[in-house]
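Visitor: Chains as they are written, first to last, in numbering that gives the first Met the number 0: chain A, 0 to 164; chain B, 0 to 126; chain C, 0 to 112; chain D, 0 to 409.
Read the hints as simulated data drawn from the structure, not as lab findings.
On a predicted model such as this, the values are computed, not experimentally measured, just so you know.
C-beta: ideal position from N, C-alpha, C; glycine also.
Do not take every clue at face value.
Claimed, not checked - On the chain A side, residues computed to face chain D include the following (Cβ under 10 Å):
(1) 63
(2) 79
(3) 84
(4) 136
(5) 138
(6) 140
(7) 141
(8) 157
To be verified - Which bits of chain A does chain D cover? Going by a derived footprint, with three or more residues having C-beta under 8 Å, they are:
(9) 50–62
(10) 86–94
(11) 109–119
Unchecked claim - No farther apart than 25 Å at their CA atoms in a straight line, the calculated lysine to any residue pairs in the SDA-like style are these:
(12) D:405 to D:179
(13) D:2 to D:209
(14) C:20 to B:64
(15) A:161 to D:180
Each chain, letter by letter, is given below.
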Amino acid sequence: MSGTPPDRPAARLSDRCRRGLAAVALALAVLVAAAGCTGPVRSDGVYASKAAATAAAAASAVQTARLAVQEAVDGRLFGRTLAQTLAEAASDAGDAQTTFDAIQPPDGRADVLRDQLDGLLTPAVSALEDLRIAARRGDVAQLPSLAAPLPRLSDKLEQVQKAHR
Amino acid sequence: MARRLDAALELLDRQLVDKDGRLAGKVDDLELTDPGDGLEQPRVTAILTGPDALAGRLHTRFGRWLQGVVLRLLARQGPARVPLEQVQAIGSSIELRVAAGRLDTGQGWARRLIGRLPGAGEGDAAQ
Amino acid sequence: MRLSDLLGAEVVDEHGRAVGKVHDVRLEQAGPEQADLGPGLRVEGLIVGRPALGARFGFGRGVQGPWLLRLVFGSLGHDGHDVAWHRIRSIRDRRIRIAGTADDLPTPQPSGD
Amino acid sequence: MRKLLEIALGILTAIGGFVDIGDLVASTETGARFGLGLAWVLLVGVVGIVIYAEMAGRVASVSGRAVFDLVRERLGAGAGLLNLAASFFITLLTLAAEIGGVALSLQLATSVNYLLFVPVVGFLVWLVCWRVRFELMDNAVGLLGLALIVVAVAVWRAHPDWGAMLHSATHPVVPTTESHAAYWYFAIALLGSAMTPYEVFFFSSGAVEQRWTRSDLLVNRLNVYIGFPLGGLLALALMVAAALVLEPLGIDPSHLSQAALPTSLVLGRLGLALALLGFFACTFGASLETALSCGYSIAQYFGWQWGKFVKPAQAPRFQLAVLVSIALGVGLVLTTLDPVQITEYAIVLSAAALPLTYLPLLIVANDPAYLGGKVNSRLSNAIASLFLVVLVLASVATIPLMIASKAGGG
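Excised from the complex, chain A in its bound form (with noise of 0.2 Å):
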């Protein structure tokens, strides 16, 4: 900054511009906060909201695999569509799994809820894979038992979701 004191208008000026920035700055830091990134997540309220979210992902993900699978069984999909179809929705679950396991859970409730969040999603995403492969092998006989786990997992991951929302 110049050493010559500012005169009477620039200081003037100069007090609106620094109102001004403030004002800014203000209005940034409340757009920031409403839009919620993925930082370190502090009260457990959140923390539990975005265990629900990810419920819900993982919830949808297994749900579309398990609607693929039975309408391949039924001979309404073709070899291509399904593979592509079970590959999205692994990576789905998995991509859930991933940004979940990334949250640092902020207390010892909070670990609690992510042990029994991944207790479910592990089965979910490595069931998930198994049928991918199957598909894309094109050995759809091996589908209906690969897919026995998907009921009782969605289920769960719906409580967990109804639980926590």
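Since the structure of chain A is provided, determine the placement of chains B, C and D on it from the hints.
Guide: Just chains B, C and D now, with coordinates in the frame of chain A:
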């Protein structure tokens, strides 16, 4: 009664259409005679068209910078001039007596580029 | 000189008081009316003052338009001044000095060609 | 007889050409998340695009001038340039989304990574824009798009409880699993997908391309009043199919594959094949329309010769603008940004910019200097003005809602 026109409202940004009905750019500015010290009433001598004429209307640093960039890009000294005598009629668009090819409206570089592609057909004979 | 040099120029009266900015230039056909433009167009005067968005949308000229838009834009009618060219005393890089003062300038009529 | 054929062809093309990747994604996602809670917005969007598309077609037919040419004349060079920058950016984003949509359709049929298809699709889109006559292109793609009717057939064959559906559509309620912010965010996305600005640029420029005159006003009106609503029905069918099948299972679709599941569930492989053809045709058709619209908007702003009705060499800068836009669109998709994500941003930004397109159009449609006696009737002015208020409100609400609902994710 001599016809009267509001230049900005009824000439500026109007579409130039050549004698074959081909579109030949917009009225981006008007060239006037210099009033000089005697301050005589300036006469409109030509219509100016081209991105550089358009950029010239932004009387800001950015406008002058943009004008420089556009001129270098189109490798031209100034905007295309359409002498006023070549104007046939003024309506919701400006009809010209001359073919668009005769006007140096900066189609050249684009036409050479596109002309190389198969099936481009040939441009106006005059271009 | 170009039209864009006049557009947006600052107009001041003989006492140096600001009259407004030029937002349009009125042209008239120089000499007797011949085919089309004949001897060409000459600057008759400047229209100075707030730009009339409503005029730009054509509300001054025959556009009835939805009343809602006329309500919003129509009201920005001509409240500028019509400065005849002969009143201009000097033009120096986008600053135009005229004789007389703002209030003895008529409000511009639509060119109505 | 020829006239009748022309009208029928025009209507069929309008139906098949209505749905694009924006409608596909928005209708399917809103059906899966809100059931028929947002069906009313689709109706509003269709009425809006009908009113303004008819105006655009009339202005172009009577004055021979397309929308963007008049936007600059009415708003002046400065405001016109801002309008061009916003409209071009959104149309380019939509072009990228459409090209991505074509690639996703091919991926769904072949299970080959969509990124491999993108450059090929880009080249094909350019080739058609460059060589194929306008009517042939418009009609062929529009008719192929009719394959999407299979979704409506699937809904019909599913024998849904029509009464309950009508009730849930006329008494919209926000599901407990969704926030109000998300509900209104998707309402705006749906409106943006139905009234995407490029549809007006393309429709008005198309009227000039096909050299429509006053005598074609009837064809214009029939195309719009019959073709667009039936096209809107296809979008509604996608929404209902998602509401019937995906919503009960809690599936939140974010891939084209999920959008096809309801149809294959009801109609099996034949249904799926037609659905895939429909997805391909409507996104490919929309890629052509958006690519040309990019060229139209720039060329019309600068006054360059434009259009496919002249040889490319006579409209070199227009053709160059189309070529560069397609290259930019392909480049954007090749950044591996998910095309469905690009689509969501494109339709939401469209919603935010709707007044930019529709205000000048409404003004020009009232100007006897362009339309003579064919200016808007009092009724169409009243409806159009009401819509403009809705569009301004939607436009203002877009960004805050986007933040509040964390882009629909909230």
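Visitor: For each hint, tell me whether it holds in the structure or not.
Guide: To see whether the hints hold, each was checked on the structure:
1. 63: Cβ of residue 63 (chain A) sits 5 Å from chain D, so the hint holds.
2. 79: Holds - the Cβ of residue 79 (chain A) comes within 10 Å of chain D, reaching about 4 Å at its closest.
3. 84: Nearest chain D Cβ about 4 Å off; hint holds.
4. 136: For residue 136 (chain A), the interface hint is violated, since the closest Cβ of chain D sits about 12 Å away, which is over 10 Å.
5. 138: violated, 15 Å
6. 140: Violated, because the Cβ-Cβ distance from residue 140 (chain A) to chain D comes to roughly 18 Å (cut-off 10 Å).
7. 141: This interface hint is violated because 18 Å lies over the 10 Å limit.
8. 157: Holds - the Cβ of residue 157 (chain A) comes within 10 Å of chain D, reaching about 6 Å at its closest.
9. 50–62: holds (count 6)
10. 86–94: Answer holds; 3 residues pass the 8 Å Cβ test.
11. 109–119: Not satisfied, violated; 0 residues make the cut.
12. D:405 to D:179: holds, 12 Å
13. D:2 to D:209: holds, 14 Å
14. C:20 to B:64: holds, 24 Å
15. A:161 to D:180: holds, 19 Å
Hints 4, 5, 6, 7 and 11 from the list above are not met by this structure, while the remaining hints are.
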